[in-house]
Amino acid sequence: MNDEQIKFLLGAARPGGRDTADPAFAGAFRRVADDPKLRAWFEREQAFNVAVCEKIRTVTPPSGLREAILAGGRLSARPPWWRRPATLAMAAGLALLLTFASVALRLTRPATAADLPEFALKFAGRGYIGLQEHGTDVEKLKAWLASRNAPLPAKIPTELVQLHGLGCRTVEFQGKDISVICFEEGHEFHLFVARRADFPALLASAEPRFRARGAWASASWSDESNHYVLVSDAGEKAVRRFL
Amino acid sequence: MADDAFTQLVDAHYAPLFRFALSLTRREADACDLTQQTFYVWATKGSALRDLTKAKSWLFTTLYREFLRGRRRDQRITSIEDLPPGHADIADEEIDRVRRMDGAMVLEALGAVDEVFRAPLSLFYVEDFSYLEIAEALEVPLGTIMSRLSRGKSQLRAVLAAQAQPAKIIPFDESERRKSL
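From first to last, the protein sequence lines are chains Z and P. Anchor point for the first sequence: position 102 equals 102 in the working numbering, and the numbering is continuous, going up by one each time. Anchor point for the second sequence: position 28 equals 1028 in the working numbering, and the numbering is continuous, going up by one each time.
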């Protein structure tokens, strides 16, 4: 083993002597112990590694991330529906019903309909939205979204705009950007906006449709330009009041 | 998984996972998303993992997979692998330079390393993973990991050196100055 090979090997050794017992390094460590030049090289290598490690560890996650993770974990840790006793009891009957329902759906609905409300519920239900732009002024938030060529709402329900604005972000859904504008009033309300042109398979409906997932509820509707999904953990009743 | 156990898992790993995510994505919001998505996957699938001593490796592997899933691959990665490893010895001033920098700058420099080297190098520096643990987490052969660590470290040193260079001063044209008055 020449010096270059030793340096290559020990470049992967962690500081603090934690890898000295690793048989793969044994020969290289012996050479380092016997060769002052290699020893000096290894000390500098380790000092550099320690300096980088220590600096990186001073970077702390933003406040709120831990709580958001815990909240998201609690929501998603609920037993899946197929493990709940009541569901199991009804499984046989439901299977038959679902068979008929799926046939009926295939006849009335495009085969690859993108399930935007389900995505919105799942995304908001994680408990952490990760706003890219913060602000209370909806017009400024729309301007920020416009600067990113993100979908813009043609009309936001009047009562929703009167809530306290939190901010906005874009998020990718099935390869296309959609906009999320967030408001607060005791609970959070998230408005997802997707261009109809980006999701031709998604069924458009001017009439709001409601869906629930645990404590979360959504209302989805469409206008000439966009699909909208309003999501909140305040429940269906709270969501309905904006529509 | 009980709430207490999940809280303990989050407390033990969310900060290093966030740092790893930040080194990969280079954006705080994306790093938060990626960290949270990792625990979301754990809450829905990972609790089936019987050997909880492997939870740490599982979380880092999952975060890396989620990262790969969320971004488009490019062809550059293949060509970078063909570069020869760099073996120039580290000078004392390079160590001092890192000691003078703040953590965010060092992490930013790590984020500028090419992705194929960045992932193993981040695990090496962020969480003190051994090369064996890195190989397991990233599902890459041992020899490749050693090679990527070596090359990645060379790139990191080059980025840190470039960061330390003073910005070039461009002389201001006197006639332009007069016009602007």
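Hints were generated in silico from the structure; no laboratory data involved. We treat Cβ as the ideally placed atom computed from N, Cα and C, and that holds for glycine. A couple of the hints might just be wrong.
List time: in silico BS3-like cross-link candidates among lysine-lysine, alpha-carbon distance up to 27 angstroms [said to hold, decoys possible]:
no. : chain 1 : residue 1 : chain 2 : residue 2
1   : Z       : 122       : Z       : 237
2   : Z       : 155       : Z       : 37
3   : P       : 1056      : Z       : 176
4   : Z       : 176       : Z       : 140
5   : P       : 1056      : Z       : 122
6   : Z       : 122       : Z       : 142
Covered stretches of chain P (in silico footprint by chain Z; criterion: 3 or more residues with CB under 8 angstroms from a CB of chain Z, positions within the stretch not fixed) [to be verified]:
no. : region
7   : 1035-1045
8   : 1055-1068
9   : 1093-1103
Against the structure, the hints come out as follows:
no.: 1; hint: Z:122 <-> Z:237; verdict: holds (19 angstroms)
no.: 2; hint: Z:155 <-> Z:37; verdict: violated (72 angstroms)
no.: 3; hint: P:1056 <-> Z:176; verdict: violated (33 angstroms)
no.: 4; hint: Z:176 <-> Z:140; verdict: holds (23 angstroms)
no.: 5; hint: P:1056 <-> Z:122; verdict: holds (25 angstroms)
no.: 6; hint: Z:122 <-> Z:142; verdict: holds (24 angstroms)
no.: 7; hint: 1035-1045; verdict: holds (count 8)
no.: 8; hint: 1055-1068; verdict: violated (count 0)
no.: 9; hint: 1093-1103; verdict: holds (count 7)
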